[in-house]
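Asks: Please take these sequences and the hints and turn them into a complete structure.
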Amino acid sequence: MKHSGKIAFAAGLLLALHLGWRQFPDVLYSKADQPLQFSHKVHVEDSGMSCEDCHFVRDDGRFTGIPPIAKCAECHAEPLGATPHEKVLVEKYVATLTEIPWRVYSRQPDNVYFPHAAHVKTAKLACESCHGEHGKTENLRPYEQNRISGYSRDIWGPSISRISLKGERLGMKMDDCIDCHTEKKLRHSCLDCHK
Amino acid sequence: MTKETVKTRPARYGMVIDLDRCNGCGACMIACAVENNVPACPEGVTDRTGITWMRVQKLSNGQSFPDSRTAFIPVMCQQCGDKTPCVSVCPQQAVEVDEASGIVDQMPQRCLGCRYCMVACPYHARYFNWWDPAWPNGMERTLNPDVAPRMRGVVEKCNFCHGRYQEARAKAAVDGAAERAVEYTTACAEACPTGAITFGDLDDPGSEVAQLAKSENAFRLLEKLGTGPKVHYISKRAWVRAAAGSSLAAETREVRHG
Numbered sequence: 037m038k039h040s041g042k043i044a045f046a047a048g049l050l051l052a053l054h055l056g057w058r059q060f061p062d063v064l065y066s067k068a069d070q071p072l073q074f075s076h077k078v079h080v081e082d083s084g085m086s087c088e089d090c091h092f093v094r095d096d097g098r099f100t101g102i103p104p105i106a107k108c109a110e111c112h113a114e115p116l117g118a119t120p121h122e123k124v125l126v127e128k129y130v131a132t133l134t135e136i137p138w139r140v141y142s143r144q145p146d147n148v149y150f151p152h153a154a155h156v157k158t159a160k161l162a163c164e165s166c167h168g169e170h171g172k173t174e175n176l177r178p179y180e181q182n183r184i185s186g187y188s189r190d191i192w193g194p195s196i197s198r199i200s201l202k203g204e205r206l207g208m209k210m211d212d213c214i215d216c217h218t219e220k221k222l223r224h225s226c227l228d229c230h231k
Numbered sequence: 022m023t024k025e026t027v028k029t030r031p032a033r034y035g036m037v038i039d040l041d042r043c044n045g046c047g048a049c050m051i052a053c054a055v056e057n058n059v060p061a062c063p064e065g066v067t068d069r070t071g072i073t074w075m076r077v078q079k080l081s082n083g084q085s086f087p088d089s090r091t092a093f094i095p096v097m098c099q100q101c102g103d104k105t106p107c108v109s110v111c112p113q114q115a116v117e118v119d120e121a122s123g124i125v126d127q128m129p130q131r132c133l134g135c136r137y138c139m140v141a142c143p144y145h146a147r148y149f150n151w152w153d154p155a156w157p158n159g160m161e162r163t164l165n166p167d168v169a170p171r172m173r174g175v176v177e178k179c180n181f182c183h184g185r186y187q188e189a190r191a192k193a194a195v196d197g198a199a200e201r202a203v204e205y206t207t208a209c210a211e212a213c214p215t216g217a218i219t220f221g222d223l224d225d226p227g228s229e230v231a232q233l234a235k236s237e238n239a240f241r242l243l244e245k246l247g248t249g250p251k252v253h254y255i256s257k258r259a260w261v262r263a264a265a266g267s268s269l270a271a272e273t274r275e276v277r278h279g
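As they're listed, the protein sequences go chains A and X.
First residue of the first sequence: 37, per our numbering; consecutive thereafter.
First residue of the second sequence: 22, per our numbering; consecutive thereafter.
What the hints contain is simulated information worked out from the structure, not anything from laboratory work.
Since we're looking at a predicted model, the values are computed, not measured.
The beta-carbon is built from N, C-alpha and C at its ideal position, and this holds for glycine as well.
Certain hints may be false.
To be verified - Some but not every residue of chain X turned toward chain A, in silico, with C-beta under 7 angstroms:
#1 D119
#2 G123
#3 D126
#4 Q130
#5 H183
#6 G184
#7 Q187
#8 K192
#9 A194
Stated by the list, open to error - Straight-line distance between alpha carbons at most 20 angstroms, and here's what the computed EDC-like set of lysine to aspartate or glutamate pairs gives:
#10 K221/A / D211/A
#11 K160/A / D95/A
#12 K221/A / E120/X
#13 K231/A / D146/A
#14 K128/A / E114/A
#15 K160/A / E188/X
#16 K128/A / D146/A
#17 K231/A / D126/X
#18 K231/A / D167/X
#19 K123/A / E135/A
#20 K231/A / E120/X
#21 K202/A / E169/A
#22 K231/A / E188/X
#23 K160/A / D96/A
#24 K172/A / D82/A
#25 K235/X / D224/X
#26 K67/A / D96/A
#27 K157/A / D126/X
#28 K123/A / D211/A
#29 K157/A / D96/A
#30 K104/X / D126/X
#31 K107/A / E88/A
#32 K160/A / D196/X
#33 K220/A / E120/X
#34 K231/A / E117/X
#35 K172/A / D69/A
#36 K231/A / E161/X
#37 K235/X / E56/X
#38 K157/A / D196/X
#39 K77/A / D146/A
#40 K160/A / D89/A
Replies: See below:
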């Protein structure tokens with residue numbers, strides 16, 4: 037019984053870490069499934085489409101974001117495959133031209149102005165530099181929403197501690213924007229990014 | 022990415038308002054409020070507590086009939102270029118002069134609501150949100166998505182339609198024209214039915230606004246303070262020009278709310 041103290045300590049530590057890392061995020065964030073499943077992988081790798089085929093900057097400088105159902109309807113007037121989700125897409129949304137109520141992972145607060153034109157066209161940044169490997173995912177993960185602020189978890193980033201071991205970008209907070217702009221020695225004015 | 026790819030050539034946006042053309046209709050005030058999501062005022066508001074980024078005031082020469090003369094003068098943030106009083110007093114650094122555009126930026130999210138800037142501003146161009154913004158049912162659908170509404174407890178003011186400036190910059194990025202000054206115009210200049218308001222880059226010697234600002238009848242409000250406003254006025258009437266340099270004594274306030 038001489039090690040019982042150490043065992044109790046180790047068990048307590050494990051429990052505390054489990055509570056902090058695994059359980060606590062569930063307290064902070066509520067989860068909701070997307071209204072429909074969508075595979076970026078099928079569209080990009082199997083069908084050879086690029087990000088810009090659906091998400092592009094218009095000539096007037098505005099970014100289109102998630103494409104409207106009319107864009108889906110261009111190819112999916114009839115089911116092209118055999119997945120149940122595509123069947124729902126065609127029958128429920130395309131047939132009636134109802135917009136899909138997507139939950140947007142990267143939705144920023146109302147007072148944030150982010151010009152895709154300046155980042156994608158002028159600075160020639162790749163989509164992945166902020167959105168990660170989202171374009172290669174097979175499924176849409178559940179949307180997590182901060183119960184207090186109402187913001188998507190992607191703003192804070194997946195790591196609760198916001199410690200990056202590999203030096204990758206953590207999230208889409210103002211700090212993350214500033215880090216990149218500071219690295220590139222760009223000037224800041226509040227209203228450059230706020231409206 | 023190289024540094025120069027993201028630089029727009031610094032501009033110095035300014036405005037010239039021809040007071041001999043202004044008939045006081047107030048279209049600029051409406052256009053401004055609609056463009057910048059200024060909410061309708063609640064009941065019981067006074068001309069000190071309402072929000073009017075742009076306010077048409079009445080000038081009178083103080084004479085009695087038949088010598089009395091009246092003029093209208095739209096007053097908004099004068100976008101001081103030199104000794105910007107609001108910037109120097111703000112304890113939160115919520116106000117700054119943007120190097121690229123010369124626009125005096127107000128950052129409502131940083132504002133703590135002390136209203137020191139309102140005291141410092143010699144033009145009474147700053148307004149405090151005494152209430153949470155509210156739009157009559159259905160009217161929220163008219164909100165401009167390019168401008169964030171402000172919350173109760175913060176100060177706001179004209180920022181030369183910064184939302185339009187941002188959109189013009191995004192368009193310039195698509196056109197690959199980021200090197201030159203971005204061209205856009207403000208909502209008030211667009212709405213003015215008599216074309217009294219001219220907006221543009223004061224640093225561009227060929228621009229209409231730069232030439233008008235140099236005309237012999239041009240003046241700026243309270244020039245003696247040395248704030249170097251980027252809003253210029255023009256009037257051929259000497260008493261109007263004289264009133265611009267004096268205090269509020271020569272002025273009777275038009276009570277209007279946004």
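Asks: If a hint holds in the structure, say so; if it doesn't, say that too.
Replies: Verification of the supplied hints:
1. D119: Hint holds; D119/X Cβ to chain A Cβ min 4 angstroms, cut 7 angstroms.
2. G123: 11 angstroms, violated
3. D126: Result: holds, 4 angstroms to nearest chain A Cβ.
4. Q130: 6 angstroms, holds
5. H183: Check passed: Cβ of H183/X comes within 5 angstroms of chain A, closer than 7 angstroms.
6. G184: Since chain A brings a Cβ to about 6 angstroms from G184/X, closer than 7 angstroms, the hint holds.
7. Q187: 6 angstroms, holds
8. K192: 4 angstroms, holds
9. A194: 4 angstroms, holds
10. K221/A / D211/A: 15 angstroms, holds
11. K160/A / D95/A: 16 angstroms, holds
12. K221/A / E120/X: Status holds; Cα separation ~15 angstroms.
13. K231/A / D146/A: 8 angstroms, holds
14. K128/A / E114/A: Roughly 12 angstroms between the alpha carbons, so the hint for K128/A and E114/A holds.
15. K160/A / E188/X: Holds. K160/A to E188/X sits at ~19 angstroms (cutoff 20 angstroms).
16. K128/A / D146/A: Not OK: K128/A and D146/A at ~30 angstroms, beyond 20 angstroms, violated.
17. K231/A / D126/X: Satisfied, since the Cα-Cα distance of roughly 10 angstroms is no more than 20 angstroms.
18. K231/A / D167/X: The hint holds at about 7 angstroms.
19. K123/A / E135/A: 15 angstroms, holds
20. K231/A / E120/X: Given that 20 angstroms is the threshold and the Cα spacing comes to 17 angstroms, the pair holds.
21. K202/A / E169/A: Measuring from Cα to Cα gives roughly 15 angstroms; hence the hint holds.
22. K231/A / E188/X: 11 angstroms, holds
23. K160/A / D96/A: 18 angstroms, holds
24. K172/A / D82/A: Roughly 11 angstroms between the alpha carbons, so the hint for K172/A and D82/A holds.
25. K235/X / D224/X: 12 angstroms, holds
26. K67/A / D96/A: 36 angstroms, violated
27. K157/A / D126/X: 26 angstroms, violated
28. K123/A / D211/A: 42 angstroms, violated
29. K157/A / D96/A: 13 angstroms, holds
30. K104/X / D126/X: 15 angstroms, holds
31. K107/A / E88/A: 12 angstroms, holds
32. K160/A / D196/X: Within the cut-off at roughly 14 angstroms; holds.
33. K220/A / E120/X: 18 angstroms, holds
34. K231/A / E117/X: Since the Cα atoms of K231/A and E117/X sit roughly 14 angstroms apart, the hinted pair holds (cutoff 20 angstroms).
35. K172/A / D69/A: Holds. K172/A to D69/A sits at ~19 angstroms (cutoff 20 angstroms).
36. K231/A / E161/X: Judged against 20 angstroms, a Cα distance of about 17 angstroms means the pair holds.
37. K235/X / E56/X: 29 angstroms, violated
38. K157/A / D196/X: 9 angstroms, holds
39. K77/A / D146/A: 30 angstroms, violated
40. K160/A / D89/A: 17 angstroms, holds
Comparing the model with each numbered hint stated earlier shows that hints 2, 16, 26, 27, 28, 37, 39 do not hold.
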